[in-house]
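Asker: Here the protein sequences come in this chain order: A and B.
Residue numbers in the first sequence follow full-length UniProt numbering, run continuously in steps of one, and reach 206 at the last position.
Residue numbers in the second sequence follow full-length UniProt numbering, run continuously in steps of one, and reach 206 at the last position.
Watch out, some of these pointers could steer you wrong.
[Stated by the list, open to error] List time: in silico DSS-like cross-link candidates among lysine-lysine, alpha-carbon distance up to 25 Å:
1. K123/B / K135/B
2. K135/A / K135/B
3. K123/A / K135/A
4. K123/A / K123/B
5. K123/B / K135/A
[Unchecked claim] Over 10 Å on every C-beta distance to chain A, these chain B residues come out as not near it, computed from the model:
6. A11
7. L30
8. R32
9. E41
10. V62
11. D79
12. N104
13. R116
14. D148
15. P181
16. P186
17. A193
Think of the hints as simulated: they come from the structure by calculation, not from any bench.
Built from N, CA and C at the ideal position, the CB exists for glycine as well.
2 protein chains.
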Amino acid sequence: MDGQLILHEYAQSGNCYKIRLTAAHLDIPLIRREYDIMRGETRTSAFLDNVNANGRIPVLQVGDRFLPESNAACVWLADGSHLIPNDRFARADMLHWMFWEQYNHEPNIATLKFWRLFVGEDKLNDVQRAQLPGKQAAGEAALKLMDDHLAREPWLVAGAFGLADICLYAYTHTAEAGGFPLDAYPNVRRWFADVAAQPGYIVMDS
Amino acid sequence: MDGQLILHEYAQSGNCYKIRLTAAHLDIPLIRREYDIMRGETRTSAFLDNVNANGRIPVLQVGDRFLPESNAACVWLADGSHLIPNDRFARADMLHWMFWEQYNHEPNIATLKFWRLFVGEDKLNDVQRAQLPGKQAAGEAALKLMDDHLAREPWLVAGAFGLADICLYAYTHTAEAGGFPLDAYPNVRRWFADVAAQPGYIVMDS
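Just chain A, same shape as in the assembly (with noise of 0.2 Å):
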């Protein structure tokens, strides 16, 4: 290892959710620090020009080097694991899964969960509340898509579990609340129990 490690999180964020889960996998110790993103803590000058210029959270620590975007973290941290693939192609598909879930995942279902838990339905502007049929639509899609793969396949990238689960359990495990009813998904319930039957698992709030 580099030195200590340090999650910036904010511990209720599934992008920080991930990274700890896939550290617990590997049984890597992360000193966490938490900032409020309700109260702007990472949109300060401190942030900013110390942490992560692009004002978000999670950063990953690693000695006196900073490592943003979630994704990027677990891979740092499951280099060389049993959580990455040793074959080519599939060490790319379990990327293909990461890229997915930030591009079509995450925008769409992270993105109402926070809107309907955190900001409030009734808080939203114009811009967001025009959006919600759209992000809502491209969310069930994303499921359905997720579903179809798991009613064929155990895991998502070649028949083991991996950082791709692991990353894409984070925001997909808590879809419910985030206004994604999960009934017509049974392939992504089962994969659900699955996750959390693996050795080392975490839950979000531990």
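Based on these hints, arrange chain B on the given structure of chain A.
Answerer: Showing chain B alone in chain A's frame:
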């Protein structure tokens, strides 16, 4: 290599160009198969069932296996090459830029280019129109973040040209066509010239 490589693409998409540029740098031949996304050719049941259930290009076909997500395809091509750093932190930092691109850069800069150039600003629906100012501001913030970084560093990652530069170059170098004047970002423009000067470079419409 695992059999022939087929790039399922829409040539004018920056996400597809990334893959061609990566392959050109590595001297890897690609068979190109074009889909007209304006005519819905990636939403047919044949495409959804056989190429990508997510209905999007690019997809890199490796023998009989299909790899969606542009940045994952670039990693597959570049796996083990000089375009990916050997150092563990630098490798994750490369992914940080690539995940950032898909979350903070592409949905703003590429989407506005698509809306303005391909759809036409007068044909946007109300939800799209409502998002224009927010996406414009977020795209400008992304360009500023890159410009600030490239004022201090020659390349995006670890002082050397690599896959993150290729992936970020694709949509950044055509940002002006999407309504992002680049005069304000001199370091980004210096970096454009440096990317284009690398041996192996190909232009987007090659």
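Asker: State for each hint whether it applies.
Answerer: Against the structure, the hints:
1. K123/B / K135/B: 17 Å, holds
2. K135/A / K135/B: Status holds; Cα separation ~16 Å.
3. K123/A / K135/A: Holds, at roughly 17 Å.
4. K123/A / K123/B: With a Cα-Cα distance of about 30 Å, the restraint between K123/A and K123/B is violated, given a limit of 25 Å.
5. K123/B / K135/A: 21 Å, holds
6. A11: 21 Å, holds
7. L30: Its Cβ never comes within 10 Å of chain A, the nearest being 15 Å, so this holds.
8. R32: 19 Å, holds
9. E41: Answer for E41/B: holds, closest chain A Cβ roughly 19 Å.
10. V62: Given a closest Cβ separation of 6 Å, the condition is violated.
11. D79: 5 Å, violated
12. N104: 7 Å, violated
13. R116: Since the minimum Cβ distance to chain A is about 18 Å, R116/B lies beyond 10 Å and the statement holds.
14. D148: Label violated. Min Cβ-Cβ 7 Å, cutoff 10 Å.
15. P181: 21 Å, holds
16. P186: 18 Å, holds
17. A193: Consistent with the label, A193/B stays out of reach of chain A, its closest Cβ about 23 Å off (over 10 Å).
In summary, the numbered hints that this structure violates are 4, 10, 11, 12 and 14.
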